[in-house]
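Got chain Y; can you put chain L on it based on the hints?
2 protein chains.
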Amino acid sequence: MMHRPGHRRLAPVTDTTRAELEEIRASIDNIDAALIHVLAERFKYTKRVGRLKAEHDLPPADPEREERQITRLKALALEADLDPAFAEKFLNFIIAEVIRHHEDIRS
Amino acid sequence: MMHRPGHRRLAPVTDTTRAELEEIRASIDNIDAALIHVLAERFKYTKRVGRLKAEHDLPPADPEREERQITRLKALALEADLDPAFAEKFLNFIIAEVIRHHEDIRS
Numbered sequence: 001m002m003h004r005p006g007h008r009r010l011a012p013v014t015d016t017t018r019a020e021l022e023e024i025r026a027s028i029d030n031i032d033a034a035l036i037h038v039l040a041e042r043f044k045y046t047k048r049v050g051r052l053k054a055e056h057d058l059p060p061a062d063p064e065r066e067e068r069q070i071t072r073l074k075a076l077a078l079e080a081d082l083d084p085a086f087a088e089k090f091l092n093f094i095i096a097e098v099i100r101h102h103e104d105i106r107s
Numbered sequence: 001m002m003h004r005p006g007h008r009r010l011a012p013v014t015d016t017t018r019a020e021l022e023e024i025r026a027s028i029d030n031i032d033a034a035l036i037h038v039l040a041e042r043f044k045y046t047k048r049v050g051r052l053k054a055e056h057d058l059p060p061a062d063p064e065r066e067e068r069q070i071t072r073l074k075a076l077a078l079e080a081d082l083d084p085a086f087a088e089k090f091l092n093f094i095i096a097e098v099i100r101h102h103e104d105i106r107s
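First to last, the sequence lines map onto chains Y and L.
1 is the number of the first residue of the first sequence in my numbering; add one for each residue after it.
1 is the number of the first residue of the second sequence in my numbering; add one for each residue after it.
No wet-lab data here; the hints were simulated from the structure.
Beta carbons are placed, not taken as given, at the ideal position from N, Cα and C, and that holds for glycine.
Heads up, some of the hints might be wrong.
Residues on chain Y that point at chain L, a partial pick, calculated with CB under 7 angstroms [as the list claims (entries may be wrong)]: (1) Leu21; (2) Ile31; (3) Val38; (4) Arg42; (5) Arg48; (6) Ala80; (7) Glu97; (8) Ile99.
Isolated chain Y (complex conformation) (with noise of 0.2 angstroms):
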């Protein structure tokens, strides 16, 4: 077993280590399975959005909205303890994927 020399003890590999850690990410697949369908009800109701404002020849980017989502996102982020500057980037993430289905849908 290999030890970095420092000021922190470091505790050996166990088994119970690696049975835990497997649970851990056994949570974690499974949250992911739900943040997927969760993403892809969402695409689903931001692509009827970017249908709607085809039609009705509406900019696909909306700043005054995003600034209330944002807003609220990063109050909900503190409530339950997610990191708010993460909470924005996040949303600008995807809200970055949603401008792109929108000049698709335009285009």
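Only chain L this time, still in chain Y's reference frame:
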């Protein structure tokens, strides 16, 4: 009302359109609240993984597990009618944040 010249006939923006847009947006807002809470739960688990890894001097990143996660999530995305390329981008986005947390735990 402004109409762009072109081959597409654009429908006017009526109260019905606005009401439909608002209804879809209310669903999107519910979905986003769900996503924030599920993500908060995911990071609780990955922080536990990070502490275990730091205690046992295991490397923060695990490319083999990531490969398996990406393959699985792309398959789940296909089933859910979500772009598999987006599912991969999404997991990479989350993992980048997780690795940042793991490095924080270690430092």
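Do the hints match the structure? See the list:
At its closest, the beta carbon of Y/Leu21 sits 6 angstroms from a beta carbon of chain L; the interface hint therefore holds under the 7 angstroms criterion. Look at Y/Ile31: its Cβ gets to within about 5 angstroms of chain L, closer than 7 angstroms, so that hint holds up. Against a cut-off of 7 angstroms between C-beta atoms, the interface hint on Y/Val38 holds, since the closest Cβ of chain L lies about 6 angstroms away. Interface hint status for Y/Arg42: upheld, as the beta-carbon distance to the closest one in chain L is roughly 5 angstroms, under 7 angstroms.
A distance limit of 7 angstroms between C-beta atoms decides the matter here; for Y/Arg48 the minimum to chain L is near 6 angstroms, and the interface restraint holds. Satisfaction of the interface hint for Y/Ala80 is found here, the shortest Cβ-Cβ separation to chain L being roughly 4 angstroms, below the 7 angstroms cut-off. Because the smallest distance between the Cβ of Y/Glu97 and any Cβ of chain L comes to about 6 angstroms, under 7 angstroms, the interface hint for this residue holds. Because the closest C-beta pair between Y/Ile99 and chain L is about 13 angstroms apart, greater than 7 angstroms, the hint is violated.
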